[in-house]
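Chemist: Here are the chains, one letter per residue:
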Amino acid sequence: MAETARMTTLVEQAIALVGDRNDLRRRLENTLNRLGDPSVRVIVVGEFKQGKSQLINALVNAPVCPVDDDIATTVPTVVRQGDPASAVVLVPTHEGSRADASPEGEAAGPDSGLERQAVSLNDLADYVSEKGNPGNAKNIVAAEVSLPRKLLAGGLTIVDSPGVGGLGSTHTLTTLTALPSAHAMVFVSDASQEYTEPEMRFLGQAMRVSPNVACVLSKTDLYPTWRQIADLDKGHLSGVAPDIPLFPVSSELRLQAARLQDTELNEESGFPALIAHLRNHIVGGAARIQRRSVGHDVLSVTEHLGLALHSELGALENPEGTPRMIAGLKAAKEDADALRKRFARWQITLNDGIGDLIADMEYDLKDRLRRIQREAETAIDHGDPGPAWDQFTQWLEQSTAAAVSETFVWTSERAQWLAGQVAEHFSEEEVALPALKVADTGGVLDPVADLQAMEDGRLGPLQKVLIGMRGSYGGVLMFGLLTGIFGMALINPLSVGAGLLLGRKAYREEQEARLKRRQAEAKVLVRKQVDDVVFQVGKQLKDRLRLVQRATRDHFTEIAEEHHRSLTESVAAAQKAAATYAVERDLRIKEIRNQLKAVEALGKAAQQLQEDVPTQLISPTTASAVPTG
Amino acid sequence: MIDTGIAGAAELLRQAREVFHGDVAALAVVDDLDNRLAGPLRVAVAGMVKAGKSTLLNAIIGEEIAPTDAGECTRIVTWYRYGHTPRITLYPFVGGPTSLPVTREDGRLVFSLGEFQAENVDRLVVDWPSAGLRNLTLIDTPGIASLSQDVSGRATAFLLPEDAPMAADAVIYLMRHLHASDVRFLESFKDTAAGQSGSVNALAVLSRADEIGAGRIDSLISAAVIAERYSQDQNLRPLALGVVPVAGLLAQSSRTMRQADFDAMNMLAQMDRNQRERMMLSADRFVRTAGPAGLDQATKESLVNRFGLFGIRLGVALIRGGTSNPTELAHEFARRSGLGVLLDTISRLFQTRADALKARAAVVGLESLLRESSKERVEPLKGALERLQSSAHEFRELKLLAALRTGGVGLAGEQEAEAERLVGGRGSTPALRLGLDPEAGPDQISQAARSCLNRWRLIAENPLTEPAALDACRIVLRSCEGMLAAIPAVR
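Protein sequences appear in the order of chains A and B.
With numbering that gives the first Met the number 0, the residue at position 236 of the first sequence is 235, and numbering never jumps.
With numbering that gives the first Met the number 0, the residue at position 270 of the second sequence is 269, and numbering never jumps.
Certain hints may be false.
[Stated by the list, open to error] With the Cβ distance kept under 7 Å, some of the chain A side facing chain B (calculated, not the full set): (1) Asp68; (2) Thr195; (3) Pro223; (4) Ser249; (5) Leu252; (6) Gln255; (7) Arg258; (8) Asp261; (9) Glu263; (10) Asn265; (11) Glu266; (12) Ala272; (13) Ile274; (14) Pro460.
[Unchecked claim] To be clear about the criterion: a stretch of chain B counts as covered by chain A if any three or more of its residues have a C-beta under 8 Å from a C-beta of chain A, and this derived list gives those stretches: (15) 133 to 147; (16) 220 to 226; (17) 419 to 429.
[Claimed, not checked] Simulated pairs of lysine-lysine, BS3-like, Cα-Cα distance not exceeding 30 Å: (18) B:Lys398 to A:Lys463; (19) A:Lys504 to B:Lys398; (20) A:Lys515 to B:Lys398.
If you're looking for bench data, these hints aren't it; they were derived computationally from the structure.
These figures come from a predicted structure and were not determined experimentally.
The beta carbon of each residue, even a glycine, is placed where N, CA and C say it ideally should be.
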C-alpha cells in the first residue's frame, strides 16, 4: 500500500538522520519491523447456530467454512489474502509439542511445534466440521484458507470460531484465548430473538479482552420482525458500552446476489455497510493507529535530535548565554539521571506492584481452584465416583480451565493498569505503554498431567462369588462345628444357612468398603490434580509476570536512557560550542542549520502523519486494541 | 390395581382433613391437593427466552390466545385451564384474587394488570372453553436465561421451588439447540423434582424446527435427525424422557388456518416459479415486492408473520403438489409440524399415568405439610403415608424409571432398556409396555406378558443378580403380573 511505503520511507529517512545514536536507531528499527506485518485479525464469535460460518462465506463469497443444520464448526478457521486459493490445516507435531512449553518472551512463534499440512479446499469440511471430524478427533489446532479477494487485500484476516455456549463449554475457552491476538471481534447473533443473558455475559467477558467489537444481526431474511429485534439489541448494547455498531445482515441474500450479480440484492443484504465498517473502522482504524504510532516514534526521535542541535546552535549564536543554558540543561539531565537510577521512584512502583500482583494472583488462583475442589468433594461424597468418572473428569477439566482463564484475564488487566501507574512517573506528556501479553492462555494447561483413570467399581461374577465364599466360609465352619455337637454333619442346612447369611453380609460390607475406598481415592486424585494445576499454572503466571516486569522495566529504562543521552549530548554540544573559534563557528552554524532543517522537516512530516488522523474516529477502544509489539 | 395410588391418596387426604380439623391454613392446603387430585394433569411449558413456549401452547390449545411477540413476551406464570366461560383471574402475592377483563386483540388475550405490577403477581389463571384443555391444564412460564433477571427468576421460582412441591406434574421443555443453560436447568429440575417425586417427568422439545435449516423446505428432516442425536445425548438422557422436534409456528397456524390463507397461498403457487423464488428470498422482499395481483401488502405481512417463510414455502409446495383445500393443507401442516407426535408423546408418557403423577403430587404435598405440623398430632397420618408410598406400585415404577434413566441399576444394557419399557417408560398401556402394536388383542398381550414374566423370573432367580437389580426385577415382575391381571378373562 502507498500508505505503508510512505511511512517506511519516513522511518528510513529518520534512521539516516540519527547517526551514532544507537538507542534511537533501535527504536526506529522496531517501528520498521512493525510496519512489515500488515495483518489485521478479526475474529467472528457468537453462540452456536447463529450463522457465523455463513457470514464469513458470504463476506468472501466462497464456501470456505462448512455450514450445516446441526452444530458445524469445531476448529477455528483463518481466512486471509493469498493467491492462488489454497488451504492448510495445522496439526501438532509429536516431538515438538513439549519444546515450546518454556515461556518465551513474545508469542512470536505461534507455529512452533505445529505442522502445516496442505489440503484441498474442497476437503476442508472433512477437517473442521463436527461431521467430518467429530469432537476434533483429528486433533487439528486450526485451519488456514487463502483466497484472492479485494476485501482481504488490506491485510484483513477473518477467523471463524466454534460457537460458544454449547455443551462443550471448552469452546468458550478456545475462543476467549484466541481473542488477545485479535484486533477486533465481530459478535454474531441471529434475528430470531434478542440477546440472551448468556450471550451478554460472553460479550462482556470478551470485551474485557478485546474491546473493539462490532455486532452483527444475522439471518434477517428469515425473520420479518428483525427490525424490532435490532432495536431491542441496540438497547441492550448501549447498556454494555456506548457506540457498539450493530449490522443487520442476511448471508443468504448476499450469496444469492453474488450468484445473480444483482447489486440491489447485495445492498439489501446489509453487507456493504458491514464491509465498509470492516474496511474503514477496523482495517482503517488499525492503519490509523499504526500511522499514529509511527508518527509518534519519528516525532520523538526528531525531538531528541533537535534538542542537541538547538542547544549547540544557541551556544554558538549567543555565547554569553551559554553558562545559563548549560546549567538549565544540567538540571534537566540530573532529573533524567534520577529516572535512570535503579532506585528511581518508578522502579519502586514497578517492583512493589509486581510483588503485589504475584501475591494477589496466587491467592486468586488458589481461591478459585479451592472452590472447585470443594465442589468436587461434595459431589464425590454424594455418590459413587466410579461409574461417572469420565464425566467427572471432563467437568473438572472444564471448570479448572475456566478458572485459570479468568485468573489470566484478571492478571492481564492488572498488569496493564500497573504499566499505566509506572508511566505516570514520567513527566513527558505521552509515554507509550509497553505491549504486554498475559491473557493468552493457550498451552498453559499442557504441562498438567491428565486426571488418572479410576476403576468403575463393578464386580465381575467371579469376584462376587469369591467375596461371598470368603464371608460364608467362617459361618459354615462355625455353625457346622456347633451343630456337630448334636451329631449333625459339618454341612447341614443350618450351617449352610448361616454361611449364606454371613456371606451376604460380607459381600455388602465389602461393597460399602469399596465405595468408601473409591470415594477416598477420587478425592485424593482431585486434590492431586488441583495441586498440580496450582503448581504449574502458578509457575507460568509468575514467569509471565516476571517477563512483564522485565519488559516494562526495559521499556521505561530505554525511555529514560534516551532522555538522558539527549540531554548529555546537548550539554556536551553546548560546551563544545563555547570553545569553538569564530571561523569554524560560522561553518558549524550553517551545518547545524542544515541539519536542523532536515530534522524539522522530518518532524513536520511525522506530525502531518499524526494529524492525518481524523480525531473523532479514534475512540479509546480502537486505540487499545492494537498490539504494538 | 391401577387405582391404588389415586384412591389411596384420596383416602389419605380424607384422613388429613380429620386430623387438621379446625386448622384453616392446613385445610386450605389439603383442599388444594384435593383439587389437584381431581383436576386434569398439569403440564408446564418451560424453556429459554424466545424458545417458542407461548406459540407451542397456542398450538396445543388450538387457538391463538396466549400473547406472543418478537421481543420477550411472557413475564408472568400463566395457567390455562378448562372453563365454561372465558375468565382471567389474577392472583397477587398479597391479597385475594382479582378478576381481569377478558379483552382480545387479533384473537390474542391482552392482560391489563390494572394497578398491579408484574413483580407483585403470583400467577394469572385463564379459564378457556377449549376442548384441548379438558384433560390437560397448561402452564406458560417466562423464559429462562432472560436478560431481565426478575423474569427468569420468576420462572425458576415456579419450576424449581425451594420449599414446596412443584405445582406442575410434568414439564415440556423447549430448546432450540442444546445450550448449556438448558442442561443446567434440566439438571436442577431433576434434582428438585426427582428428589421429591422420584421420577423423571420432563419431555424435551426441539422447538422452532422450521428454522433449523434456515427455512429450507427440508428443515424438518434435519430437525428430526438432530432430535434423534439429542435423545441419545449422554447429558440429556437422564434428564428428559425423549426429544421431539416441533415447528411451533407451523403447528399454531395449522390449527388456525383460514380459507383466506389458503387462497393467498394458492395465488402464490400460481405465480411464475422464478419470480416467486426471487420474491421469497427474504421476508422483507416478500412483503415489499408487488404481486401477485389480488394480494396486498397487509395480507402478505400477516401471512409471513403467522406462517413464517418456511410455512409459506411449504404451503406453496404442497398446493403445487396437489393439495386442494384448506382442511387438507392444515392437516398436512399439522402432520409435518410434529405437533401430532408431540401430543401423542404427551398422552403416552404423561396422560396414561396421570393418576400416578397426580397421586404422587398429592402425597408429596401432604408430606411437606406434615413436616411443618406438630409431631404427635400427625403421627398416625405419617404411618399411613409411608405405607402408601412403599406399597403403591405406580410410585415404585416411577422411581425405578428414574433410576433406570439416571444411572442404571446394574442390569445388562438391553435388559435395562426392556425394564424401562415394561415399567412404562414409553407409555403406560400394556401394548406399549410390551412393545406390541397398539391394536394388539388381549391374547397377544397375555402371551407377550407371560413370556416376559418368565424371562424376568429367570433373571430374578439368578443368584448373581445384584440387590439393586433384584429390586428392579421385582418391580418389573409386578408390572407384568399387573398387566396379566388387568386382562379380562378370555378363557
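Chemist: Next, verify each hint and record whether it holds.
Modeler: Hint check results:
1. Asp68: Since the shortest Cβ distance to chain B is 4 Å, the answer is holds.
2. Thr195: holds, 5 Å
3. Pro223: Because about 4 Å separates Pro223 of chain A from the closest Cβ in chain B, which is inside the 7 Å limit, the hint holds.
4. Ser249: holds, 6 Å
5. Leu252: holds, 6 Å
6. Gln255: holds, 6 Å
7. Arg258: violated, 11 Å
8. Asp261: violated, 9 Å
9. Glu263: violated, 10 Å
10. Asn265: The hint is violated - Asn265 of chain A has no Cβ within 7 Å of chain B, the shortest such distance being about 12 Å.
11. Glu266: At about 12 Å, which exceeds the 7 Å cut-off, the nearest Cβ of chain B leaves the hint on Glu266 of chain A violated.
12. Ala272: Constraint on Ala272 of chain A not satisfied, violated at 15 Å.
13. Ile274: violated, 19 Å
14. Pro460: holds, 5 Å
15. 133 to 147: Result for this restraint: holds, n = 3.
16. 220 to 226: holds (count 4)
17. 419 to 429: Check failed, 0 qualifying residues.
18. B:Lys398 to A:Lys463: holds, 27 Å
19. A:Lys504 to B:Lys398: holds, 26 Å
20. A:Lys515 to B:Lys398: Holds - the C-alpha atoms of Lys398 of chain B and Lys515 of chain A are around 25 Å apart, at most 30 Å.
In the structure shown, a violation is registered for the earlier hints numbered 7, 8, 9, 10, 11, 12, 13 and 17, in ascending order.
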